[in-house]
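Enquirer: Now for the letters of each chain:
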Amino acid sequence: DAKTTQPNSMESNEEEPVHLPCNHSTISGTDYIHWYRQLPSQGPEYVIHGLTSNVNNRMASLAIAEDRKSSTLILHRATLRDAAVYYCILRTNAGGTSYGKLTFGQGTILTVHP
Amino acid sequence: GAGVSQSPSNKVTEKGKDVELRCDPISGHTALYWYRQSLGQGLEFLIYFQGNSAPDKSGLPSDRFSAERTGGSVSTLTIQRTQQEDSAVYLCASSFIGGENTEAFFGQGTRLTVV
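Protein chains in written order, with my numbering: chain E, 1 to 114; chain H, 115 to 229.
Among these hints, one or two may not hold up.
In silico DSSO-like cross-links for lysine-lysine, where the CA-CA straight-line distance does not exceed 30 Å [what the hints assert, rightly or not]: (1) H/K125 <-> H/K171; (2) H/K131 <-> H/K171; (3) E/K3 <-> H/K171; (4) E/K69 <-> H/K129; (5) E/K69 <-> E/K3; (6) H/K129 <-> H/K171.
Now the in silico label distances, taken between C-beta atoms and shown as ranges [to be verified]: (7) H/E128 <-> E/D67: 33 to 39 Å; (8) E/P40 <-> H/A116: 22 to 28 Å; (9) H/F210 <-> E/G29: 18 to 24 Å; (10) H/G165 <-> E/E45: 20 to 26 Å; (11) E/I74 <-> H/T192: 41 to 47 Å; (12) E/S28 <-> H/T227: 38 to 44 Å; (13) H/T227 <-> E/G29: 40 to 46 Å; (14) E/N8 <-> H/D177: 29 to 35 Å; (15) H/G165 <-> E/L39: 27 to 33 Å.
In short, the hints are calculated from the structure, not lab data. What you are looking at is a predicted structure, and each value in this text was computed from that prediction instead of being measured. All C-beta atoms in this analysis are idealised placements derived from N, C-alpha and C, irrespective of residue type, glycine included.
Only chain E is shown next, with the shape it has when bound in the complex (with noise of 0.2 Å):
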């Protein structure tokens, strides 16, 4: 599986940007570069996925870099509910038993202060 590397820890200041990097140096033309986060005491949730135009929805924006070895979620305005962990993840597109196959590394733990 293609590895992920992030931060162990990042901290912002409420309603101020943030900008969570993550570096896939080995990333293969058919990964989609994949974001979730985890709340306390609560199960995973979605928050974007790409694989090579920078995206935007509701809840972030993913800018990834021309040669896709790196990308950044970005919070527009932190708020004290978005303090939880987050995870870039490959997934792979392509057949073969790693098809779809969502594995998580540590994470980065966001930390938002008032």
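Following the hints, complete the assembly by docking chain H onto the known chain E.
Expert: Same frame as chain E, now just chain H:
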């Protein structure tokens, strides 16, 4: 139901007993995943299904763990002869495979405590 449903939500069992954990995925989702999460730890991949077959069982910790999926729907994770180190929250997720709509939806988990 609208989401992924897991049962029971909590299970306390004695060491050495067998337990079965159930996952009802979202209707139509072909992929189903099992993870476990020990207190304060990340998500440990256990197994995932494409339809009824499991192409990757590499995460199952020992031969005491097994899982099956029937009818491309419900899945059961069985732990035989439970040990205290099996205590964790067991999470199930489901998704479509392929195409654009591949987000995975998680259940609330089963908290297993082995005493």
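Enquirer: Give a verdict on every hint.
Expert: Now the hints, each set against the structure:
| no. | hint | in the structure |
| --- | --- | --- |
| 1 | H/K125 <-> H/K171 | 24 Å, holds |
| 2 | H/K131 <-> H/K171 | 23 Å, holds |
| 3 | E/K3 <-> H/K171 | 19 Å, holds |
| 4 | E/K69 <-> H/K129 | 46 Å, violated |
| 5 | E/K69 <-> E/K3 | 11 Å, holds |
| 6 | H/K129 <-> H/K171 | 24 Å, holds |
| 7 | H/E128 <-> E/D67: 33 to 39 Å | 54 Å, violated |
| 8 | E/P40 <-> H/A116: 22 to 28 Å | 23 Å, holds |
| 9 | H/F210 <-> E/G29: 18 to 24 Å | 21 Å, holds |
| 10 | H/G165 <-> E/E45: 20 to 26 Å | 25 Å, holds |
| 11 | E/I74 <-> H/T192: 41 to 47 Å | 42 Å, holds |
| 12 | E/S28 <-> H/T227: 38 to 44 Å | 40 Å, holds |
| 13 | H/T227 <-> E/G29: 40 to 46 Å | 44 Å, holds |
| 14 | E/N8 <-> H/D177: 29 to 35 Å | 34 Å, holds |
| 15 | H/G165 <-> E/L39: 27 to 33 Å | 31 Å, holds |
When each numbered hint is compared with the structure, violations occur for hints 4, 7.
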